[in-house]
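Number of protein chains: 2
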Amino acid sequence: MRSHSIVLRSVKNLKTRVTGLQGSAAFSKFSGNEGHYNGGEDNGEWKVRGAVFGSALAAGFAAFAADSNRRELLAEANTNVDVDKIIETTGARIEGLKEYSIAEVNKHDSPENRVWVTYKNGVYDITDFIPLHPGADKLLMAAGSSVEPFWAMYAVHLNNPVIYSMLEKYRIGNLDMADVASQAEQMASDSSDPYSTDPARHKAIIINSKKPFNGETPLGILTDSFITPTDLFYVRNHLPVPDVDVKNYELEVSGLGVKELNLSIDELKKFPKHKIVATVQCAGNRRAEMRATKNLKGLEWRGGAIGNAEWAGAKLCDVLKAAGLDENDEKIRHIHFEGLDTDPANSPYGASIPIEKATDPRGDVLLAYEMNGEPLNRDHGFPVRVIVPGVAGARNVKWLGRIIVSDVESDSHWQQNDYKGFNPSTDWDTVDFTKSPAIQDMPVTSSICSPAPGTKVTGGQELVVSGYAWSGGGRSIVRVDLTADGGKTWTQAESLEQDNARHPRHWGWTIWKGKVQVPEGVETAEVWSKAVDSSYNVQPESFSNIWNLRGVLSNAYCRLKLSVQ
Amino acid sequence: MRSHSIVLRSVKNLKTRVTGLQGSAAFSKFSGNEGHYNGGEDNGEWKVRGAVFGSALAAGFAAFAADSNRRELLAEANTNVDVDKIIETTGARIEGLKEYSIAEVNKHDSPENRVWVTYKNGVYDITDFIPLHPGADKLLMAAGSSVEPFWAMYAVHLNNPVIYSMLEKYRIGNLDMADVASQAEQMASDSSDPYSTDPARHKAIIINSKKPFNGETPLGILTDSFITPTDLFYVRNHLPVPDVDVKNYELEVSGLGVKELNLSIDELKKFPKHKIVATVQCAGNRRAEMRATKNLKGLEWRGGAIGNAEWAGAKLCDVLKAAGLDENDEKIRHIHFEGLDTDPANSPYGASIPIEKATDPRGDVLLAYEMNGEPLNRDHGFPVRVIVPGVAGARNVKWLGRIIVSDVESDSHWQQNDYKGFNPSTDWDTVDFTKSPAIQDMPVTSSICSPAPGTKVTGGQELVVSGYAWSGGGRSIVRVDLTADGGKTWTQAESLEQDNARHPRHWGWTIWKGKVQVPEGVETAEVWSKAVDSSYNVQPESFSNIWNLRGVLSNAYCRLKLSVQ
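Going line by line, the protein sequences match chains S and H.
So in this note's numbering, spot 236 of the first sequence is number 236, and the numbers just go up one at a time.
So in this note's numbering, spot 142 of the second sequence is number 142, and the numbers just go up one at a time.
Everything labelled a hint here was simulated from the structure, so no lab data went into it.
A few of these clues could be false.
A pair holds if it fits inside one copy or across any two, identical chains being indistinguishable in the list.
Result set (EDC-like, lysine to aspartate or glutamate): computed pairs, CA atoms no more than 16 Å apart in a straight line [unchecked claim]: (1) Lys-321 <-> Glu-260; (2) Lys-435 <-> Glu-327; (3) Lys-435 <-> Glu-409; (4) Lys-435 <-> Glu-494.
Start from the sequences, fold in the hints, and give me the full structure.
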């Protein structure tokens, strides 16, 4: 199904995990901020001062994900680095170093044999770097060969001065001139950029990373309509967008206690068509606000990684029933979803949900083929994606290829080692992902979308404020409280626009509008929003006490800063 | 079913509601604190400066519910009042006042005819007081007669100097001596105290009000076992405990779209017996902590108005099915429960839950006849109570008499005008109970049960802390975070004892234990607990921003004060 091709090599020790080693001076050199960066990737894992975490994406050194602001970020880090020079010199021929042939390099394909890689003219022994690399298993795929095809996929590496500098620290020689030419030829003959076939996006989308593409709806337009227009709906991709030929598309259903089904799109459409209005939200939405408290790792979502759409498709429970699932079979515990988006090792994006959600007729889990009345577009999972309403976006797998019935959770990186919550004192040295459950239902949240931060207002003025609120698990929003004086007085949003779905199937968001009185005699003011859901759960007050190293579940009060005249 | 008898009179205008009048100086006299009192009643409604709220209990002037601390509270209110003198002189004969016969008093039985009542020797025209009285309809039941039988039921009035003083302000005359004797005789011949047949309670229970009985488990023993012993389980009664003769007991099932059933206990037991471990918690649990921020109305629950038991009984959905309920009938929206505990107007305690919860086979709503392996005891609802797991205690109706299928919510006081949440700026002048949904699922909470508040600890010491955590809606507890330094560093409770029920049927609580480091160089310290549930909802930080006039949903961080040596 993939239009791009990647040269894959057989790799030994793909599962090797290395843990517990100490941090890297090379890495620290560019951090300037305790090793935490802005603009990072959700989908990678990184290393600060100790443990290494497996990654299926190795996006890694998260600071420099977006080409556009790489220089600025580097400048912020207070380093005096000539970025152009680093990029230019990395992999350049260094006279006097030993020459190696690609055949010699090929032998160094595992930690046991030392791990060598090439980049342009350079040969590198990166064995000692492996424990420091986020996603050691992925790095090992390049063992004994060129890193260039992999960097084409994990595009965060390309032209990244941090990574280039680090690589040069492990330089041991030059690659034989003839082999350099041959490698370059090989790269040219490959479709070198797996992201080249990604679809075009709406100009209004704020780009948080290009490869993979991650973009959000600007807050200023996010709540203009109850249903988010498809083109403006945030996009959260973990890999290149697959280009699926729907004529050959088949959805495989298999696993524990079911007979295998292979459903064409037409066969899927024969199941009763079910429509729901549901909000999908990235588990990392509003991370930028949490980051403002203390730096952390992840994409800079400002609050626009959420949208509300009408989805239509077959009910997952109907399809599972057709496959003969016995939901009373105590062994069956989880339903896995695999995307058709794959990494260079051909391993797909994946996630799972508990059987209770999957088979609950009120759970409304859809195998959706329509969004807002149209076939899904490519960015949103064409031809079929899962909609798990009330649940973190990460489980709403796009470009759905397989459904697997299982006794255990998905072993996908994103299920096991990402998208989990921890307490504020858990850092990358102490985190144990096995100790925390994968995020499913999301907590109550709200965001102020209008006015914009920094808007000039007048003391004593009655200010109209609006935004969205949402809670997972089918819970509705019963109240949005607003204050402009730090909680001394609260008003209540007067208008709550939500659909009339009934508890516990309230999957859509709430657009709210209310008024606050701007305080007088101050230069700045903050308006806070605090949503309350139908379980009377309420947003926590501050990010500092819910801070977590991945910046997920960032649902504290929204605090909008205003300039008072 | 009731062992006590109350003289009931036919009353005109029972439904009269009077609203919007201004407050009472007499009332204010004793308030000393903006009209908010400690030790009040959950079950009444009161009046401060404006609106009047209907009440089925009229417990009213909430300050003085518990006989034991009435004097202390009065002292707190900074009034120089001779309590004994007030009690002694109220209703005493006042020479020179006009004499009225009971026949004359009888004529004044409605606001149109003026409302007169008698108390001992006194005749009172309380027409102008009606708008100020919480539960005007209940007060009108006494119109044209003696208040004494009503005060026997609404025992908060008895020997209450605030109420006695207020009454005397409306004094218009003396009752004819012969009629005084006749009234006294009448009272003596009635079973004058409807609470006299209440069961005995365990000595360890902390009494928050005697009549109706409300008592909680001391925190020091609350989490000694995962299953709370029945005798130590908190009791939250709204009325006298009915003394039900199980041989004559019948549970009526009726209403919209069902055939009427009248089930004896043996017939109920023929339905499949279903067992669950479920926590029941009063919606006002931990109110004392919220009150410490700012005064409010309600019983002084310290955190022990929660317990965890094994309940067994018929599933409500099975019984409704037997009555022919069509759960797809869009008209059917709510299931009402009526208790056999009734007020003097014979109106029962009542509540309702949404049809979605009632009919969800995973909702586990029980018509329970066993608690911890024994038949229910009288305080916990003998012979049958509803267990609505995950939902506020108030909906878990005890002494169940009727189940009614309906298109609307119960119109019971407790469903409509109590047990709802509001924002911190909503006061008794501005509250509109129609604007807020009845509490059903409860939010995530936790409490520190050990050590006791004020315990002397040593700076630098590693302190073991334990308590409970719970969330409504079937959500489990995934983490309890602890800090002893105001959130600078957090530890995580190492042990979480919970049952192995699966989401979303995790009805039981979690007993947790963890360690914190006591800070050094300080005289006092606070340990905070913060629970996180399986939707990753988290407790809010402070009570001030979730404060509400009824002191419900009091689920902010538990903050235990310690003395540091």
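Check the structure against each numbered hint from earlier and tell me which ones fail, lowest number first. Checked against the structure, the only hint that fails is number 2, while the rest are satisfied.
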